[in-house]
Amino acid sequence: MRFPILLTFLLTLHLATHAQISGVIALKRHNVTVQRYYANRSSFTFINQDGQRITGVVAGGAKDTIYLRFYDVRQGVNMLGLPTWDTLTNYPVPFAISEIKEVVRDRTSLNYAADGSILIAAGVGLQVLEVVNGAYMHQDAKDWLTGGSFLTSVGLAGLGAWLITLQTKHYRIGKKYHLEYYGFSAPPAKG
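Numbering (mature numbering (1 follows the signal peptide of the UniProt record, and there is no 0)) for the sequence shown: -19 to -1, 1 to 172.
For the record, the hints were derived by calculation from the structure and aren't laboratory data. Be careful, since some hints might not be right.
Have a look at the derived ranges for each label pair, beta carbon to beta carbon [unchecked claim]:
hint : residue 1 : residue 2 : range
1    : 65        : 21        : 24 to 30 Å
2    : 135       : -6        : 56 to 62 Å
3    : 33        : 139       : 28 to 34 Å
4    : 44        : 131       : 56 to 62 Å
The beta carbon of each residue, even a glycine, is placed where N, CA and C say it ideally should be.
Between the sequences and the hints, there should be enough to build the whole structure, so can you do that?
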């Protein structure tokens, strides 16, 4: 009974594996890899020397050139008359590595912008609530404006602003960071 299950498992194991045969762009800091971008599946965002932010899917590369694939996606109407999105074409565009000024990495594990905005609103809202409550109760400012509530509201707003700044990370290409492209290809056929 174990043998057929093991045989089935071993025969279907190759379906879940992926081979990397096209290439990798490695972002390195002092020759230690910080981030890898795989060809044909990784999104790559950078800022060029002119300050433009460019995002595309890595299509391949050479020694000093990176090819990014851009997709032309447009809205059309299907047979039922409903709007639908469709990819018209895709095209690779070469970029020299010397053109790249910064590599941008967006953090996607948390929604930093939304969480930061909520914390800023909570900090400001707490302080507004203290002021409104003090005015409603006809209290002096020294009674409702305490150091603890003020520090809490400033701390919440500061933490929110810090989370918003953590949303993206920029790696400036130069002395500390550099890009390398590793191209993989199948060996030539013998015969």
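Structure-based check of each hint:
1. One distance hint, 24 to 30 Å for the beta-carbon pair residue 65 and residue 21, holds here, with the actual separation near 25 Å.
2. At roughly 57 Å, the beta carbons of residue 135 and residue -6 sit within the given window of 56 to 62 Å.
3. Look at residue 33 against residue 139: about 32 Å separates their beta carbons, and that is inside 28 to 34 Å.
4. Evaluation of the 56 to 62 Å hint for residue 44 and residue 131 yields a pass: the beta carbon distance comes to about 58 Å.
Of the numbered hints given earlier, the model fails none.
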